[in-house]
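> So the chains spell out like this:
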Amino acid sequence: MSSLQQAISFLSGTGMLIALAVFVLGCLFHVIRYIGGLDAKKDRVAYGYHADRSVPGIFASIFKWLLPCATAGWRSAPLTTFIFFCMHAGCVLVPLFVAGHVVLLKSALGIEAGLPMLPLAVADVLAAVTIAGVLICAVRRLVSPFQKALTSGADWLILFLTGAPFVSGFLVRVCCPDSAELMLVHLVCGNLFLLLAPFTKLSHIVLFFMSRAQLGMEYAIKRGGQTRGGVFDW
Amino acid sequence: MEGNLCNSRPIDTEERLKELMADKGGAEYYKQMESLDVDPAKVMDIINSSMTSKIKTWLNNCAHCGMCARACHFWLTSDKDATQIPSYKIQSTLGEIIRRKGHVDAKFMMDAMDTAWGKCTCCNRCGVYCPLGIDTGVMMSYFRGVLFKLGFIPWEMKIGSGMHRVYHAQMDVTEEDFVDTCDWMAEESAEEWPGLTIPVDKENADIMYILNAREVKHYPNDIAETAILFHIAGENWTVPSSGWENTSLTMFAGDWEGCKMNTQRIYDAIKRLNPKSVVGTECGHAHRATVVEGPYWCGQESGDPPVPFYHYVEWVAHALREGKLKIDPAKKLKGPVTLQDSCNYVRNHGLGKYTREIMSYICEDFRDMTPSGDHNFCCGGGGGLNGIGRYRQWRNVSLKNKLDQIQNTGADLVVAPCHNCWDAIRDMFEVYEIKTIKWSFLKPLLISMVEIPDNIEHVTE
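Chains A and B, in that order, are what the protein sequence lines are. The letter at position 55 of the first sequence is residue 56 when you use the numbering used here, and the numbering goes up by one with no holes. The letter at position 254 of the second sequence is residue 399 when you use the numbering used here, and the numbering goes up by one with no holes.
Derived by calculation from the structure, the hints in this document are not laboratory data. Keep in mind it's a predicted model, so treat the numbers as computed, not measured. There may be inaccurate statements among the hints.
To be verified - In the SDA-like style, the derived pairs of lysine to any residue whose C-alpha atoms are separated by at most 20 Å in a straight line are:
no. : chain 1 : residue 1 : chain 2 : residue 2
1   : A       : Lys43     : B       : Lys201
2   : A       : Lys42     : B       : Gly448
3   : B       : Lys252    : B       : Asp182
4   : B       : Lys469    : B       : Tyr506
5   : B       : Lys201    : A       : Phe200
6   : A       : Lys42     : B       : Cys443
7   : B       : Lys469    : B       : Glu602
8   : B       : Lys225    : A       : Gln148
9   : B       : Lys498    : B       : Arg466
10  : A       : Lys43     : B       : Gln409
11  : B       : Lys201    : A       : Thr201
12  : B       : Lys583    : B       : Asp510
13  : A       : Lys43     : B       : Asp449
14  : B       : Lys476    : B       : Val595
15  : A       : Lys42     : B       : Trp401
Next up, chain B with everything else stripped away, as it sits in the complex (with noise of 0.2 Å):
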């Protein structure tokens, strides 16, 4: 039975919206999932016109090894539970679901849900562990998908499409709020640094800056921070007024028309403004969702955007050694410092290289963690597990083995360019109540040891 707030319909209205919102922590929302009905004939349906040889020949082939357990950190965290291992999440859930032949019920798939969210990041680490070449990551993302469509997804990640859907953002921030917010940073920053200013919907500009719409609710100084290393390094650069979103809960909501929508709109930004490239900022999954998985999504038939797209690590290195930005060698970082690269950058889209790059410019005692780069593990509270209550206590645990990671370096401070990485960090810290060691993004470092050319005018009290 379809409720009011649990349904198989994407919430598309500012009312419906509302109405999930006011149900606090998603009670009657699950209440109303138990008794969800579940159609073998629409499961089946679902899944034979989405799956393709590729994903059936994964899930048939799996030689049930247990290779992919150590690649996990949730099963490292979890005292070798057998539950955890990625192959048997995957087998248990979507495999079974297709053994059955749909025949399951609210129970099971809400059991399934808990799996999808709450014990897999989408990391895509054990796919690079399997000898078969099986990314259970790839998978889960896909039966998130399925479950999406069937109703069966947590509360929070069903606000964050419903969000995503009314306000075109991943929070109720409107493309006015964004101006606004936009106009007041720029007057603010402009007092400290004349001359500086935010470009909205500047024609042919060399970049177009798109962000995280929780920047602009909650850290609108990341915006002038951004504004403040664009004047800087002299860059000809704009934000787009609709199309600025660069995040997609969509994407870990499993909404994949959604994604085609938020995708859409920075890409119709691109072909209204006509930039010369696209940066966006200090976000993993954002990046992802846009450059990654987005071309896809919106018929990009050679899987490339359509123009150069950016992340902000990938432009800070190119500014750094192009000598955009110089770094006060008295003002470097002088204490060990690591790095936190989210997976959506690192493995999926190899910018490793790329951070540590800045890093030498930065810092003087960089210590990588162990693994690293293209193998480095999740943060612990990726693919939207951060935000989902349901499962703090298992992604608190989860966490552990990054915290262990970073400890293991001695770095007294973790660079995180990526906002999820940022925020289970932080919670980690707090979690496991580790007061000795600090978390940053890159603009806020780069600003404190950037040196200003002669050419900028700069205002200190």
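Isolated chain A (complex conformation) (with noise of 0.2 Å):
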């Protein structure tokens, strides 16, 4: 076996399995950290009171987010919402069931139910439009005067770590699938992705439950919960 078919058998096996353990076990510490870190008096926010309306409260705050213009945020921006929702659908949808990842999934962890899987066209349009999105977001940071002015390093690196799976396997897939140099890309790319998931801004992939949480809470608890009469209309 050459060394590149060592390396792309290493990180669709081991290394796959020890760069998904670090993205399972970083999140789990994000979310464990995040609700180890609240302090009831210091956030002036009785997590442990309320439960009849800071429970709803969560849900309306984390589900209505999920949806397009479901909050007045989402409507007032219908360019940046329609971006956002095009780049995360492909973020989440193909990694997890893209047919090539599925196969890899089961003969990694040994899997043997059948997991669903993404028809391939569905799969490339995902792709492509993810791949326009992460450019959009990209250019929009160099060519807008306001998001020039708050774009950091951290958020271009999590631009890349996202953007560059998606442009290795799209390439992978429609240019060149017997290119084992450029597979090996797509696998250095993806397994990057997973490892410094939680060490970047991508660990946005927990938090935004946490954050879009915490402040369902803060509005049912103690933000107008009793009095507004329902959740708050996000």
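Hints are included, so try docking the two chains, each in its own frame, into the full complex.
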């Protein structure tokens, strides 16, 4: 086996499992650290009280923001919303359900049960849309005056970490299915994403749910949950 | 170097307070601030001992998407100035201090102070528009607390905090002054309303009423109006001789210790007088300080005040609904009327349905602003900004957003049940020379249109 093949074999086997473990444990660590780091008195939120309204508040705060146009925030910025949802749909669905990944996961994790797979055409479209989304985000960060003022190196890093596996994977799938070199690049990029996600702003993969739950709870517990008569109208 | 005027010690004696006030406009105070030491260890100690995972995560996880920009009245009125984006404002101040591990100088801290008080009113609207649920208003309010401990706070805020600590009120109104004013107003009002009283320190009343010191000092008629409306409504009420001040410039100043003192005085009055409920005057931040945040400062684990606690608009809505106050249909407001809800009681305490209920009783042509309710914009002068001379021009620019909202309704009257909003509206009409729109608290409007029950004697000349 050539060194190239060995590298591919490692990164799609043991290497990927290590990266996956870092990703899962890292995400779990973020959740535990977030919850453990809260302080009802300092935060001025009675986390342990009023579950009758805080639980609905959490769910409304998370799920309304998972639907395009369901919140005033999304409706206030239609273009951003469109790009956001297109990009995130691909980011979530393609890595998990594209046929090649499902097979890989099955063999690496020893799962026998059938996992759902995306039809190839759908996966291609989603991947293309995600790549376009990453590019648009990059261009906006370069061109838009206020995005330029906000953008930091950490923002560029997560755009790269997100875009690289998609671009390399798309090239493997569409242009050069037999290129071992390109496959190696794709595997390196994919594993880098998993390895670095917990240590970069990609941690929003789980912290999105924490911070959304946080504000949902705050509005439900102290900021009018009792008087407003229902959950906050996001 | 700590100055005699500008330093990290809160004002806690009348002598120091008067010395600071004698420095007109804070000229010497700000000059001394330029030489104030910034000890990195102290900065990080304050932050590390007070910052929880909530604010850490909000700071670190901001995607810098800029969606908060459109939510901010400062950005909207700044010709899209990037430095007015909420995310930029907190990242370039608190975020930068943490990144530099506290190694910043007095110049940096003064710029941070200008941002914390001059470019944010802590209205919390940006948090409502952030996909990640990051509330920059909460973070900026927290950051004000850090700056307060280090001595970098605007002159007026230092004075405001000192007033609360020295006089137990936001201005130099003592408890004796307050009781005297109540007696005076009761005496004057009783001529027109025989039997009207302002009961002080009455135990077991249904309502303990608390108010804003400037009503005592500058607008004593507001106390008379309160008494008249309670009298007409037949309420069993009282005011406490101690713990009557509902407002909290300490909250605006970031003086958390002072915040606790204010609220605790009110809660002590509750304990002493045992009222069934408390009603606070038409003031947004006072309500937030006492009802929304106050319970936490005073160690109420459930986050609730010790007894049911209502903003004045809740009492009015209830009184109208229950028929305690009845509006004479002939005297309802006929012209177009709009409403300015305070961020502190609407977005931060969900009282928008009560104010709209009130409007349905008192006017025939109510025109809500767009956006409104929980999504309403700050008046432009909240968070203490109205009172800070250093940022007057910045505030005047930001007022334009609310002025546009008001003018777009076509209303010729703005009802503003909040002292800060009332001031901001008065000032914006002056700055932008608007002569055709009036503004008002609820109390005088209600008195002008309420029906007087048969059992209430009313002497008219």
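> If a hint holds in the structure, say so; if it does not, say that too.
Checked hints:
1. A/Lys43 to B/Lys201: Satisfied, since the Cα-Cα distance of roughly 13 Å is no more than 20 Å.
2. A/Lys42 to B/Gly448: holds (9 Å)
3. B/Lys252 to B/Asp182: holds (10 Å)
4. B/Lys469 to B/Tyr506: holds (13 Å)
5. B/Lys201 to A/Phe200: Holds: B/Lys201 and A/Phe200 sit about 14 Å apart, inside 20 Å.
6. A/Lys42 to B/Cys443: holds (10 Å)
7. B/Lys469 to B/Glu602: holds (16 Å)
8. B/Lys225 to A/Gln148: holds (11 Å)
9. B/Lys498 to B/Arg466: holds (13 Å)
10. A/Lys43 to B/Gln409: With Cα atoms ~17 Å apart, A/Lys43 and B/Gln409 stay inside 20 Å; holds.
11. B/Lys201 to A/Thr201: holds (14 Å)
12. B/Lys583 to B/Asp510: At roughly 15 Å apart (the allowed maximum being 20 Å), B/Asp510 and B/Lys583 satisfy the hint.
13. A/Lys43 to B/Asp449: holds (16 Å)
14. B/Lys476 to B/Val595: holds (8 Å)
15. A/Lys42 to B/Trp401: holds (12 Å)
In summary, the structure agrees with every hint in the numbered list given earlier.
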